[in-house]
Amino acid sequence: MSAKRSFGRFFTENAVVIIFLLITVLAVKPSGLSLTYIIQEMLTRLGRNSFLVLALLLPIYAGMGLNFGMTLGAMAGQIGLIFAINWNIMGVPGIAFAALIGTPISIFMGWVCGVVLNKAKGREMVTGYILAYFINGIYQFVVLYLMGSIIPIRSPAILLSRGYGIRNTLNLDGVRQSLDNLLMLKGGPFSLPLATYLVIGVLCLFVIWFKKTKLGQDMRAVGHNMAVADMAGIPVDRTRIIAIIISTVLASYGQIIFLQNMGNVATYNAHDQTSFFAVAAILVGGASVKKATIPNVFIGVVLLHLLFVVSPRAGQNLFDSAMIGEFFRQFIGYGVIALSLVLYAWRSRKEALRAREGLRGLAVGATGVAGVAKAPAGGGAGGKAT
Amino acid sequence: MEQGTRLLSFDHVSKDFYGNKVLHDVSFDLGRGEILGLVGENGAGKTTLMRILFGMPLIAGTGGYEGRICIDGEEVRFKSPFDALDAGIGMVQQEFSLIPGFTTTENILLNRESMRPSLMNDVFGDRMSTLDRPDMRRRAQAAISKLGVALDPDMLVSEMPVGHKQFTEIAREINREKTRILVLDEPTAVLTESEADVLIKALRGLARQGIAMIFISHRLHEVVSVADRIVVLRDGMLVKDTPVAGVSVRDIASWMVGREVSSDRAEKAEERRLGAEMLSVEHLWVDMPGETVRDMSFSVRQGEIFGIGGLAGQGKLGIPNGIMGLFPAGGTVRLGEKLVPLDNPRAALQMGMGFVSEDRRGVGLLLDESLEWNIAFTAMQIHEKYLLPLLGGLIKLRDEKSMRKLTEEYVGMLDIKCQSPRQKAKELSGGNQQKVCLAKAFAIKPGLLFVSEPTRGIDVGAKRLVLDALRRSNREYGTTIVMVSSELEELRSICDRVAIVDEGRIAGILPPHAEPSEFGLFMAGERLAHAEEARGA
Amino acid sequence: MSGTATDPRTFARRLIVHAVLLAAAVGLAALFFVTGKGHTLLIDNKDAEDGSVQAIDGVMVSVDRQEALELYRGDRDKAVVKGQAHTISIEVIADGTKIRKKIRLPIGREMLLLSVPKLAAGLEPSVVPFVPAQVVVSQEEGAGESSAFTSPGGTPETTIVPPGDAPPPEAPSP
Amino acid sequence: MHNVRQLVADFGWPRIIIFIFLVLLFVGAPIVRVRIDSSLADVLNRFGQNGLFVLAMVPMVQSGCGLNFGLSIGIIAGLLGATLSVQLGLHGFLGFFGALLFSIPFAVLFGWLYGKLLNKVKGEEMTIAMYVGFAGVMFMCIMWIILPYTNPTMIWGYAGKGLRTTITVEGYWLRILNDFLAVRIGEFFVFPTGLLLFVALLCSLLWVFMKTKTGTAMTAVGSNPDYARAAGISIDRMRTISVIISTMLGAAGILVYEQSFGFIQLYTAPLAMPLSAVAAILIGGASVNKASMVNVMVGAFLFQGLLTMTPSVINSALQTDMSEVLRIIISNGMILYALTRKLKVAT
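Protein chains in written order, with the working numbering: chain S, 1 to 386; chain H, 387 to 923; chain G, 924 to 1097; chain Y, 1098 to 1444.
Possibly wrong hints are sitting among the right ones.
[As the list claims (entries may be wrong)] Coverage of chain Y stretches by chain S, computed from C-beta distances (three or more under 8 Å per stretch; other residues unrestricted):
#: 1; region: 1261 to 1274
#: 2; region: 1297 to 1303
[What the hints assert, rightly or not] Derived DSBU-like pairs: lysine-lysine, alpha-carbon spacing no greater than 30 Å straight-line:
#: 3; chain 1: Y; residue 1: 1258; chain 2: H; residue 2: 782
#: 4; chain 1: Y; residue 1: 1217; chain 2: H; residue 2: 803
#: 5; chain 1: Y; residue 1: 1308; chain 2: H; residue 2: 782
#: 6; chain 1: S; residue 1: 119; chain 2: H; residue 2: 465
#: 7; chain 1: H; residue 1: 831; chain 2: Y; residue 2: 1213
#: 8; chain 1: H; residue 1: 787; chain 2: S; residue 2: 211
#: 9; chain 1: G; residue 1: 1025; chain 2: G; residue 2: 1005
#: 10; chain 1: H; residue 1: 803; chain 2: Y; residue 2: 1258
#: 11; chain 1: Y; residue 1: 1213; chain 2: H; residue 2: 787
#: 12; chain 1: Y; residue 1: 1310; chain 2: H; residue 2: 803
#: 13; chain 1: Y; residue 1: 1308; chain 2: S; residue 2: 350
#: 14; chain 1: Y; residue 1: 1258; chain 2: S; residue 2: 29
#: 15; chain 1: S; residue 1: 121; chain 2: H; residue 2: 626
#: 16; chain 1: Y; residue 1: 1308; chain 2: H; residue 2: 810
#: 17; chain 1: S; residue 1: 186; chain 2: G; residue 2: 1024
#: 18; chain 1: Y; residue 1: 1387; chain 2: H; residue 2: 810
[What the hints assert, rightly or not] Estimated spans, in silico, between C-beta atoms of each pair:
#: 19; chain 1: H; residue 1: 545; chain 2: S; residue 2: 12; range: 15 to 23 Å
#: 20; chain 1: S; residue 1: 15; chain 2: Y; residue 2: 1334; range: 24 to 32 Å
#: 21; chain 1: H; residue 1: 675; chain 2: Y; residue 2: 1108; range: 56 to 64 Å
#: 22; chain 1: H; residue 1: 510; chain 2: G; residue 2: 1046; range: 23 to 31 Å
#: 23; chain 1: Y; residue 1: 1334; chain 2: H; residue 2: 545; range: 51 to 59 Å
#: 24; chain 1: H; residue 1: 510; chain 2: S; residue 2: 230; range: 19 to 27 Å
#: 25; chain 1: S; residue 1: 39; chain 2: G; residue 2: 989; range: 28 to 36 Å
#: 26; chain 1: Y; residue 1: 1334; chain 2: S; residue 2: 230; range: 48 to 56 Å
#: 27; chain 1: G; residue 1: 1031; chain 2: S; residue 2: 21; range: 32 to 40 Å
#: 28; chain 1: G; residue 1: 1018; chain 2: S; residue 2: 39; range: 46 to 54 Å
#: 29; chain 1: G; residue 1: 1015; chain 2: S; residue 2: 198; range: 52 to 60 Å
#: 30; chain 1: S; residue 1: 12; chain 2: H; residue 2: 446; range: 13 to 21 Å
#: 31; chain 1: G; residue 1: 1046; chain 2: S; residue 2: 198; range: 44 to 52 Å
Note that these hints are calculated values from the structure, not bench results. Positions of the beta carbon are idealized from the N, C-alpha and C atoms, including for glycine.
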């Protein structure tokens, strides 16, 4: 009975990971891809995507759910890259330059996002999502109309032929994989972009260290219970804004790392799905709206991208249509997000019920007076003895 | 013990809310290391007094207070609770303000953590300091041992028994170096008796270390056993300030409740012919947060007005809410011969029971809709009234005309002051909103009506009207009424019998003309002793 | 090191730290601007217009450690370089003479013309800014002409940046 | 004065700005030589074309489920009906109403499941609705490929299977409602009588429904779920009904849209539609928990007016196509505004 129950609990708590693992394992074989290829892909994609996913951690600690507003940071990163390309700054300096430009922009964006989300407490996720759309409109306005007309752009190669507005695809030749190639570790058939991994490692260390700071502790407190934190004198709104700002800045760096690996940028679309992929990854890794760890990030990136790599091929081989695999992986991505949100909402209701179980029912009928009171009394006495 | 030196003193403190005087000229002192028991009924002014002490914004926002509060002989006027904390006054509240996912240590030191400055401080500010966990543990341990109880500093609060949560709260307050005065508001409310004993011992220990305490509790025997001195408030006035030695629980109870039996009781000497048993409740439990019903049994006779009283949080409100299916409940409830299915509001309504909720704005009204809707809705949904059948009854449309007629009828009958029946409920005053709730309940013509706190927060005139309407409904239509109220006087003035609820159970049922101290004793949790006394007699 | 924000000395120190950091960020940006600046070096093996030098018959030219370019009389090739200081190695194919020269490129000019004969002969200026007769039109011209680029959906109703409409950033790499 | 300020506060600045902006567009149109009559015809046409999507927001808002970001679920049901109708080769009114008939069972089924799901996640409806909608659309993308449709007008020519991304309804039920009793005035203005009649019909049906016993109960659930529960109403049941109605309206909406637009758009096309509808009803003055028929009418008209007028007027004036960006900013800004208003979150 209890074993069954604990298994059931284990399953509901890890349902997303388990279902995902199952689908992926089933799809590996029909894809016909070699293990070497898959492993190399995973190594590349871990470097490419992990930073973005890590950017989601802090808002989760602060109880703000999945930061769909991270797209704002991605846009800031892209603006940084546009300027780096504009001035033809190449290589690692180019990437660093883009990050330096992106930082103040993303700090501002993060502040805007934090203020807006503070006005929509309890609805952070949907609000963040719509905010990303809204800022996307402004981003398009700036990049498509202001750049080249009001904001000086000196490289005609990145402008549309009408004389203003940035082209819809930018070539990142100058910075392409320069971070990855800075320290490329080769071993057998595999190559490992060590520099990128080091950057990700530093970020992980930062997150671990950050959790030990006073600010990190405050963030946890705010995430657990805003009212109590407020009563204890912790500036709740400010702490939440800081969490979002850090997340946004990290997202802008993450997007730069992502794009330097890709080698080109779809100026008006590259950020559309940033939050989707990052959120899907962290959820697949076993995180929930309220709880996430660094291992969740890496497990998630590997699992999600494993499926992304194999599913189009599997679709091609099984159904004779690559599009099926393509749609399938998107279906899975959205489905995973929906499923884990549903499971989370459902589970927290269950938890609330379980927490109140003790108050229900008169345990032992007639002797009720003492019956209910006894249980906690025993616990209290036991505790006293220790 | 080095008692006697005056630490805190209230000096002629008065307070009114919009002309409604809630504290009259209250003066008393608290000495170093003294434990002062502060007792009084709901609404006696305890909470307001503490709010004044802590400088709650609510007080300043409603015109401040008169009189002075002095610490060490110097007047203080705190602008916010944080100022009070800085001055060394700690508060332990009824609800736990702990974070369940944090450990004991983390909760005790919440926002007062030990820190080691890091390099980043100069860049991003003080909050970049890292936590000094070993030191935090040491400080928490110190607070715990000062309290003299066994608490695991590394245990998560969510995994603690209730008693330990309470200790954690207290440890948090005494962790502040400066804390000299501790206010404990019903600290034993959630504790079992053995836990409460441990707590009381711990408090005495703290007092020996020089910490003064204001101990607020309705459990009078605890007050007697822990306090050095007792201050009794009644209707905002200090009625007694006496050392505890030689004072009995019964004395306190009568000071608390004691007032003359209201004069309008005399005319109630009418002959009451009550019918057979109509509602019988056996072993009812209700899971209503803050008003848990543990185990209740009672019965109500046809045509009776049955009163249920007791202090807030003891479970009296849970009774109607549970029977009407609004909160999870269990046990056996019969209406006449029929079993009432619990957890099913519709069935309860269809069986002819009505309910006027204590939560007027939350449950009682559709604030954004018209009075017509508010009054007719339940009757429409339950009895298919005020509907126009169309296409042979396939479609039933709202009959706005008859809804209006109904509303106008009740507006006249209950003297509801409104501009029109179309006015939105939220635009009415509290008293008129309450009348709308009554009208809603009357509109379904219930055989048994539960009324919960019908006069809470409404002015005197409206109070009288509401009570008269209830009495009239009882006398003229024979409606059986179960009335739940915190106002004992009100219950005694209208009810045929009054039950007093304590800790989720019925402490006793008394006729309305019983001695006030009897009611007081039941409220003070003296049920067991009393019951045994009765059994013995 | 320690101290709280309310302490005036700490406050002053933090003001300085902030100022220094801000300056450092700007300085870094400037540094990257210089060190990361990309230049396109057009390498000429032609007679000088003023007739000062003659083109070399056949020569291998390599910039920094990039692959060597083979230039015959009248040829022109290009190399993309990053930063200002570069080493040019010239090897005359006929006699195997090797020449190593260091050059310094001016900031702010992206297209530069390097004359190999001049460099080999040690004549200055061997590097001059290149002024194209016409703006070089890149291969991508026209891609963004239609307004459809903002919205891959096509029809106006479906163009609220459909989340799934655009292919995911990663190309489905086979 | 005070009253005016109150009115403005109730209505909200964003809406007033949008309204003034639209008026300015109409005023400015003749100056940049855009014909008012053809613009007006355009607006009317698109009003009818999209009106039902906006209408579909009403039941769920009224029952407290919030804005239906998962309207795509209903659209999918409509697409199934449409493709089935074309597959069977139904023409004319039979084709259109056949499609409607086919889509209803799907809509009821999907709506019922979707409603059940939303009942489990009270308080988080909007985020989850959005992702359920996305996932549903992606799932149907796979289905459109593998479902055994055979009508050659619908399937890819070269592969011989799988539905096309856009399928023309020409020859089936193109503009069947638009042209019904259409009145032509002058060269450029056509009044799409049938289209508007159909929309008006469904609007009044919903209006009548909201006046029935069930409709009243539904409104009460949205207004104060605790009150409704105390009055013996099953909150979950009312919410499910509202979701089903919303889904059915979404299905009818896409059919109306298709017959006017001329094409059935499959695959990822439904993804973006809910957002426009959400924006429209908010522009019409609805909030996250209160919406009326007036909000639908005003909102659909203002929003579609904006969509029609900005490209033509702004483009002629500035010689550049800013309408797309403006639309994104306005519609999402409106939703953002509504989401950040203070309101009681139903639990």
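Do the hints match the structure? See the list:
{"no.": "1", "hint": "1261 to 1274", "verdict": "violated (count 0)"}
{"no.": "2", "hint": "1297 to 1303", "verdict": "violated (count 0)"}
{"no.": "3", "hint": "Y:1258 - H:782", "verdict": "violated (49 Å)"}
{"no.": "4", "hint": "Y:1217 - H:803", "verdict": "violated (41 Å)"}
{"no.": "5", "hint": "Y:1308 - H:782", "verdict": "holds (8 Å)"}
{"no.": "6", "hint": "S:119 - H:465", "verdict": "holds (27 Å)"}
{"no.": "7", "hint": "H:831 - Y:1213", "verdict": "violated (35 Å)"}
{"no.": "8", "hint": "H:787 - S:211", "verdict": "violated (64 Å)"}
{"no.": "9", "hint": "G:1025 - G:1005", "verdict": "holds (14 Å)"}
{"no.": "10", "hint": "H:803 - Y:1258", "verdict": "violated (71 Å)"}
{"no.": "11", "hint": "Y:1213 - H:787", "verdict": "violated (36 Å)"}
{"no.": "12", "hint": "Y:1310 - H:803", "verdict": "holds (28 Å)"}
{"no.": "13", "hint": "Y:1308 - S:350", "verdict": "violated (36 Å)"}
{"no.": "14", "hint": "Y:1258 - S:29", "verdict": "holds (26 Å)"}
{"no.": "15", "hint": "S:121 - H:626", "verdict": "violated (47 Å)"}
{"no.": "16", "hint": "Y:1308 - H:810", "verdict": "holds (18 Å)"}
{"no.": "17", "hint": "S:186 - G:1024", "verdict": "violated (34 Å)"}
{"no.": "18", "hint": "Y:1387 - H:810", "verdict": "holds (14 Å)"}
{"no.": "19", "hint": "H:545 - S:12: 15 to 23 Å", "verdict": "holds (20 Å)"}
{"no.": "20", "hint": "S:15 - Y:1334: 24 to 32 Å", "verdict": "holds (28 Å)"}
{"no.": "21", "hint": "H:675 - Y:1108: 56 to 64 Å", "verdict": "violated (38 Å)"}
{"no.": "22", "hint": "H:510 - G:1046: 23 to 31 Å", "verdict": "violated (56 Å)"}
{"no.": "23", "hint": "Y:1334 - H:545: 51 to 59 Å", "verdict": "violated (38 Å)"}
{"no.": "24", "hint": "H:510 - S:230: 19 to 27 Å", "verdict": "holds (22 Å)"}
{"no.": "25", "hint": "S:39 - G:989: 28 to 36 Å", "verdict": "holds (32 Å)"}
{"no.": "26", "hint": "Y:1334 - S:230: 48 to 56 Å", "verdict": "violated (38 Å)"}
{"no.": "27", "hint": "G:1031 - S:21: 32 to 40 Å", "verdict": "violated (55 Å)"}
{"no.": "28", "hint": "G:1018 - S:39: 46 to 54 Å", "verdict": "holds (52 Å)"}
{"no.": "29", "hint": "G:1015 - S:198: 52 to 60 Å", "verdict": "violated (44 Å)"}
{"no.": "30", "hint": "S:12 - H:446: 13 to 21 Å", "verdict": "violated (49 Å)"}
{"no.": "31", "hint": "G:1046 - S:198: 44 to 52 Å", "verdict": "holds (46 Å)"}
The structure does not agree with the numbered hints 1, 2, 3, 4, 7, 8, 10, 11, 13, 15, 17, 21, 22, 23, 26, 27, 29, 30 stated previously, though it agrees with the rest.
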